[in-house]
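Let the sequences and hints guide you as you build the complete structure.
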Amino acid sequence: MTEIFGVPIQALFGQLMLGLVNGSFYAVLSLGLAVIFGMLNIINFAHGALYMTGAMLAWIGLEYLGIGYWWMLVLAPICVGIIGIAIERLMLQWLYKLDHLYGLLLTFGLALMIEGLFRDLYGVAGQPYSIPEELSGAFNLGFMFLPKYRAWVVVASLSVCLATWYLIEKTRLGAYLRAATENPKLTQAFGINVPLMVMLTYGFGVGLAGFAGVLAAPATQIGPLMGSNLIIIVFAVVVIGGMGSILGSVVTGLGLGIIEGMTKVFWPEASATVVFMIMAVVLMIRPAGLFGREK
Amino acid sequence: MNRRVTVAYLVGLGLLLLAPMFIYPILVMKVLCFALFACAFNLLLGYTGLLSFGHAAFLGTAGYVTGHALKVWELPTLLGLLAGTVAAAGLGWVIGSLAIRRQGIYFAMVTLALAQMVFFFFLQAPFTGGEDGLQGVPRGTLFGLDLADDIKLYYLVVAIFAGSFWLIQRTIHSPFGQILKAIRENEPRAISLGYDVARYKLLAFVLSAGLAGLAGATKTLVFKFATLTDAHWHTSGEVVLMTLLGGMGTVFGPVVGATVIVTLQNELADKVGSLVTVIMGAIFVICVLAFRRGIVGESLALYKRVIGQKPL
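Protein sequences, first through last, are from chains A and B.
0 is the number of the first residue of the first sequence in numbering that gives the first Met the number 0; add one for each residue after it.
0 is the number of the first residue of the second sequence in numbering that gives the first Met the number 0; add one for each residue after it.
Worth flagging that the hints you see were computed from the coordinates, not collected in a lab.
One thing to keep in mind: the hints can contain errors.
Computed spacing ranges between beta-carbons, pair by pair [what the hints assert, rightly or not]:
1. A:Met283 / B:Phe175: 57 to 63 angstroms
2. A:Ala162 / B:Trp165: 56 to 62 angstroms
3. B:Asp131 / A:Leu224: 17 to 23 angstroms
Below, simulated SDA-like cross-link-like pairs (lysine to any residue); rule was C-alpha separation at most 20 angstroms, straight line [stated by the list, open to error]:
4. B:Lys270 / A:Arg118
5. B:Lys270 / A:Leu116
6. B:Lys180 / A:Asp98
Every residue, glycine too, gets a C-beta built ideally from N, C-alpha and C.
If you want it as structure tokens, here you go:
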């Protein structure tokens, strides 16, 4: 068997693929955070909890209602989006005039509530969720076996990121959105319903988290704690990349996923903390983040 | 301290000295540890305007270092407490110098991420006992008094709390504290007045981390063990909640908040199980939406409206 730096090539590419899968989740989640932050000036701490909600919904749909993976891939993000819209209308909209930190505190409280609720209902143990038939099995690439589901996660996540980029940068709706981010009062004066756009932006952002949750369901253990462990890493990703550019957050997310995967091969003890170490280094060299602008 | 705060402080201290006659001393000591933790945190959030979401790292680090110093190195009790406090302050210097490079929300995210790194370090490090925690820490003796006796330890904990509380008050009302408040109110203006804002922030951060560490060290002494829970981000959230609920930027707010939260958790733990988290989250949401000045802040505002003068 071929080896690189004393590591079997199979294991190396396997970890690379796993890193890409994790990186895709980082990308989708940090993209959602960035979209929400741009419009609402709020860091959505509940993002991880809503990602977990997406995965739990996929499991509940299959377990109790018999709704399969493909339907839930559409339905769960919509449900999560509706939950998000309710949160925005009932709570967040009262905080826009205050210090941004209150938004963080409120969504932290919500995250605790959502997590605690699922923990009370289903316990902390992980639930299994099998890979849909169409995507089970693996491609034989000659030098490695590529599980179809992992390839699908990467492709699906990147497509969603690309679609979001197109929506925001190239369409008329996106132009309104960017205008409202830049100067909400002036945009409203041109007759655009900014509060409605804010509401939809939050719904869309957390919908992305729900989508990532369903994608993650067959790839990881579904459990109430899956979101909070991930969201802290995603925060570090956001600090490293900065929230200025969409493609920037996608590139940062994927890159850090790959680095994390490689660390698992070459220095397993550090794999849990490597992202935080990179964050510390970036803060020392370029405090605004790789793609960020100093305000 | 002005006269009313001094009176309240002395009355509170008197009550604390009598408390073990009526209440289980371990519970009061737990409240005092978390009250000190919250006061240290308030120094940063309430008076400097910095929201650290990683203060559990300091509580946890000091807990482990003190535990290790007392159990393995067999240091005298006071030196053990000192070791934990110094370790937390040192960690505060490292985390603080990184975190103050960003402002506002980013500051919160950076502290949270770095604290999570510390958590993973403790999870893997051999001396912490991993998931089991560091158990069987001896309390030792102080001036020939055996601290294994809860009542004797109780008075040591009260002394630590009263001393630290006094120190925090002195800091807030010193010229240094006034500059911290100026930074909270208007950072660009403080810079334009010629203050080295970064240095003041870092100093406040180190002081806050050190005092949070003292709380963690004392907690280890009280419970005779140090666990991963103390370093978990849930604990970081709890101290934010205590400060918010009691009233951030008020003198006694964090003490009130810590008392309410610890008592609540103590009462509810057996009755509702994991719903405790839901209740804590709900209190968070209610505080942010309707109760931003906290218990003490709202009471003072009410007093002011009724009596028509500035109370404190």
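Hints, verified against the model:
Range check, Met283 (chain A) to Phe175 (chain B): Cβ separation about 27 angstroms, and the 57 to 63 angstroms hint is violated. The hinted window of 56 to 62 angstroms between Ala162 (chain A) and Trp165 (chain B) holds, with their beta carbons roughly 59 angstroms apart. Asp131 (chain B) and Leu224 (chain A) have their C-beta atoms about 19 angstroms apart, which keeps the hinted 17 to 23 angstroms range intact. Taken as a hint, the Lys270 (chain B) and Arg118 (chain A) pair is honoured in the structure, with Cα atoms around 15 angstroms apart against an allowance of 20 angstroms.
For the suggested pair Lys270 (chain B) and Leu116 (chain A), the alpha carbons sit about 15 angstroms apart, so the restraint of at most 20 angstroms is met. With a CA separation close to 16 angstroms, the supplied pair Lys180 (chain B) and Asp98 (chain A) stays within the 20 angstroms bound.
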